[in-house]
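Model the full assembly from the supplied sequences, consistent with the hints where possible.
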Amino acid sequence: MSTSFATTRFGTTQRGRLVTAARTTFTTHGYHGTTMDAVSAVADVTKPVLYRHFSHKSELYLAVILEYLDDLTNRLCDLREAPTSDFDRVRRCVGVLFDLVESGPHSTSALVFGSGAVGDHAVESRIATALAEFVDTLATHLHPDEVRPQRTRLLAAGLIGATLAAADEWHRLRQPVSRQSALDSLAGWYCSGLRDSVD
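Position 2 of the sequence shown, counted from 1, bears residue number 2 in the UniProt record's numbering, the numbering being contiguous throughout.
Just so you know, the hints here were simulated from the structure itself, not pulled from any lab data.
It is possible that part of the hints are untrue.
Distance windows between CB atoms, simulated [what the hints assert, rightly or not]:
| hint | residue 1 | residue 2 | range |
| --- | --- | --- | --- |
| 1 | E169 | R80 | 24 to 32 Å |
| 2 | D145 | G188 | 14 to 22 Å |
| 3 | S185 | G116 | 29 to 37 Å |
| 4 | D37 | G161 | 15 to 23 Å |
| 5 | H171 | C77 | 20 to 28 Å |
| 6 | D37 | D86 | 27 to 35 Å |
| 7 | S192 | G30 | 31 to 39 Å |
| 8 | C191 | H171 | 21 to 29 Å |
Built from N, CA and C at the ideal position, the CB exists for glycine as well.
Here it is as structure tokens:
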């Protein structure tokens with residue numbers, strides 16, 4: 001299991017420990033099943049300490065989602081440094097998404113990409129914007145020379161959905177093929193679809 005997603009960008013600060021505790025609680029119990037009491041218990045702090053940093057559960061949830069998306073975006077940006085073939089570029093993107101699924105409970109990817117209503121319009125709007133920005137980043141990385149942004153966004157969104165579904169199934173079946181084979185298969189499927197597509 002990859003541990004890199006478990007390392008908070010806030011380091012060892014108290015706020016960082018609170019976000020890490022919230023991530024554990026949200027991935028285990030979901031948004032509606034998580035309470036501020038539960039987060040403070042996992043973080044081993046009092047509720048006043050938690051509320052000093054986050055006045056509402058929705059704010060804490062937003063911090064968790066943004067941290068995951070920041071990590072994913074940074075990984076994609078790191079991939080841009082090395083020139084690669086189209087297949088390698090797709091395969092590396094698939095690997096980043098597989099890492100997310102492997103980083104914790106299988107609910108992690110659903111937490112990040114399936115964020116539902118939290119009863120706070122401002123938070124929901126910020127999450128939607130952050131998700132859209134991530135899809136844009138992925139689309140740009142997958143197709144750096146593409147002049148049709150709407151098409152590339154659709155392809156990027158499709159790759160996210162297909163990869164996360166495949167990764168979940170791979171885990172459910174107890175890794176019936178090697179990780180390398182799984183990544184190669186998904187990247188090959190995506191690239192062959194592009195070759196066969198007709199505008």
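How the hints compare with the structure:
no., hint, result
1, E169 - R80: 24 to 32 Å, "holds (29 Å)"
2, D145 - G188: 14 to 22 Å, "holds (21 Å)"
3, S185 - G116: 29 to 37 Å, "holds (30 Å)"
4, D37 - G161: 15 to 23 Å, "violated (34 Å)"
5, H171 - C77: 20 to 28 Å, "holds (27 Å)"
6, D37 - D86: 27 to 35 Å, "violated (50 Å)"
7, S192 - G30: 31 to 39 Å, "holds (36 Å)"
8, C191 - H171: 21 to 29 Å, "holds (24 Å)"
The earlier numbered hints that this structure contradicts are 4, 6.
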